[in-house]
Each structure stands twice: as structure tokens, then as C-alpha cells.
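From first to last, the protein sequence lines stand for chains W and B.
Going by the working numbering, the first sequence opens with residue 30, and the numbers climb by one from there.
Going by the working numbering, the second sequence opens with residue 30, and the numbers climb by one from there.
Keep in mind that the hints were calculated from the coordinates and are not lab data.
Fair warning: this is a prediction, and the values are worked out from it, not measured in the lab.
Just so you know, not all the hints are guaranteed correct.
[As the list claims (entries may be wrong)] Distance windows between CB atoms, simulated:
(1) ALA61/W with ARG49/B: 26 to 34 Å
(2) GLU88/W with PRO116/B: 54 to 62 Å
(3) ALA60/W with ALA61/B: 51 to 59 Å
(4) ARG162/W with ASP113/B: 48 to 56 Å
Glycine is no exception: its CB is placed at the ideal position from the N, C-alpha and C atoms.
Protein chains: 2
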Amino acid sequence: MTNQGGERRDLAAMLAPLVRSLIAAELPVLAAHGISMWGYAVLSTLDDSPVRTQTALAEAIGADKTRIIGTLDELQQSGLIARDPDPDDRRARLLSITPNGRKARRSARAAIQANEDRLLAQLSPADRRAFLRAVQILSTLPPEDLAES
Amino acid sequence: MTNQGGERRDLAAMLAPLVRSLIAAELPVLAAHGISMWGYAVLSTLDDSPVRTQTALAEAIGADKTRIIGTLDELQQSGLIARDPDPDDRRARLLSITPNGRKARRSARAAIQANEDRLLAQLSPADRRAFLRAVQILSTLPPEDLAES
């Protein structure tokens with residue numbers, strides 16, 4: 030049904046190299062902001078969503094909980110996030126983004142998205158809007174919708 | 030320019046989980062065909078393009094040359110590819126896909142794309158066409174177009 034007019038390549042085979050190139054293009058932007066890729070994922074999540082515990086944060090970014098400890102230490106030492114004791118559970122600490130963290134994240138995002146916009150300019154305006162709409166829909170489907178039935 | 034009507038998430042942040050889900054959905058299909066992910070990449074390349082040397086094949090699928098040796102051995106043992114001496118260079122061997130290899134690849138691809146079509150059915154027909162057109166354009170841009178200028 031999507032294949033009128035001839036064969037197409039598999040979606041994963043087309044998208045995987047594109048994602049690798051997009052990530053490679055992010056690295057110098059993040060390095061210029063003194064943020065790692067995982068650090069950027071953490072700052073983005075804390076800036077956008079009400080996640081406050083390390084467990085919920087790890088889940089939101091799809092990382093192992095122990096894997097992000099070093100990233101959180103770095104971000105805290107750079108003054109980009111704060112970790113405060115949870116008043117409801119003294120053994121736990123609540124995460125939050127600092128004003129400097131928000132500034133760093135938004136500056137990095139502006140540079141990353143300016144680069145992406147340059148890439149998307151290869152598409153017609155109508156295709157660009159449809160592509161972004163499609164990516165937003167497909168990226169928010171539950172994983173079970175992607176598995177074979 | 031692509032951001033009318035509010036903020037959007039970074040492209041890589043939206044596409045990376047989608048690619049992971051698409052690849053995860055391919056694994057049981059490939060397992061049912063007795064092909065590994067790298068084996069599928071090799072068969073697809075040999076079925077679609079005139080690549081004949083191991084060096085050119087490795088480059089085409091973005092793999093290290095030594096990494097695909099085991100994959101080529103497996104595919105040859107399964108009768109899915111052939112490796113014949115190069116008449117122009119007796120030290121080299123030329124790769125080709127066998128009729129059984131072509132059959133396995135095309136059967137796996139049909140199942141993978143049927144699954145992708147089910148996913149793409151979440152989009153309106155116009156968005157689906159635009160999305161596939163956009164992915165085809167973006168995935169064939171040279172990598173330097175993706176880097177920051």
C-alpha cells in the first residue's frame with residue numbers, strides 16, 4: 030500500500046544512518062556547551078517534564094539507573110542540576126534543573142535544531158510539515174504497536 | 030521555520046527510539062528466516078547492487094571488513110551466497126547472492142515491510158507518502174550535508 034510505483038528500502042535501513050549522522054552532528058554542538066550526550070538527555074528531560082527521581086529520570090531517557098550516576102555527578106558539579114533531599118523520603122534525592130542548566134540546554138537545542146532546520150530545508154515546505162507531523166506521531170506510538178502481530 | 034506553532038523535540042531524540050523499535054521488530058522476522066541482522070544487510074546489498082568484492086561490500090553496509098567475515102562464512106554455509114575466485118585477481122574472491130539467498134532476502138523483506146506498512150497506516154495517506162518521500166531524500170544526502178556549517 031505504501032509501495033506504489035516500485036520498491037522502497039526498509040525504513041530502519043534508511044533511518045538508522047540518518048540518526049547516526051544527526052547524532053554525529055550534535056556532538057560538536059554539545060562539546061562546545063560542555064555537555065555530554067547523556068547530560069543533554071538529562072537536562073532536556075528535567076527541563077520539559079516533571080520527573081524528579083533518579084529512577085523516573087533513568088526510565089524517561091531509556092538508560093540504566095546506574096549508568097546515569099556519573100552523568101548526574103558531572104551536571105551537579107557544573108551547576109547545571111541540583112540534587113536535594115526528598116522531604117518525604119530522606120534516603121532519596123530529588124533532581125531539578127538550575128537556571129544555568131536550563132540556559133545551557135536551550136542554547137544547545139537552538140544550535141542543534143538550527144542544524145536540523147538546514148537539513149529539513151532540503152524538503153518542500155509541505156513535505157517538511159508532513160515529515161515532522163509523521164515523526165511526531167510515529168515516535169510516540171507505544172512499542173507494542175511496532176512489533177509484529 | 031519548521032517550528033511554527035510551538036517547540037518540537039530534536040529529530041534525533043524522536044527518530045532514535047523509532048529506529049530501535051523498528052530493528053527490534055525485525056529480529057524475530059530474521060530469526061524465522063535463519064538470517065542475522067548483518068546477514069540481512071549483506072543479502073540486501075548483494076541483491077540490489079553490483080558490489081562484488083568484500084571491501085566494497087563492507088563499505089556499502091558500513092561495517093568493518095573483518096567484522097563481516099563470519100557473516101559471509103555463515104551465509105555461504107547456508108547456501109545463500111557464493112564466493113568464487115576473481116578471474117582478474119586469483120587472491121581475491123567475488124561475492125554473489127544465490128537463488129536461495131535472493132528468495133530468503135525477499136521473503137524477509139516482505140514480512141519486514143508488511144510490519145512497517147502496518148505502522149505507517151497510523152498516518153494519513155498524504156502524510157505517509159510525504160514521510161516516505163522525505164525519508165528517501167534525507168537518507169541519501171551526503172553526510173557532510175548533515176554536519177554543522
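A quick look at each hint next to the structure:
no. : hint                               : result
1   : ALA61/W with ARG49/B: 26 to 34 Å   : holds (27 Å)
2   : GLU88/W with PRO116/B: 54 to 62 Å  : holds (58 Å)
3   : ALA60/W with ALA61/B: 51 to 59 Å   : violated (43 Å)
4   : ARG162/W with ASP113/B: 48 to 56 Å : holds (49 Å)
Of the numbered hints listed earlier, the single one contradicted by the structure is hint 3.
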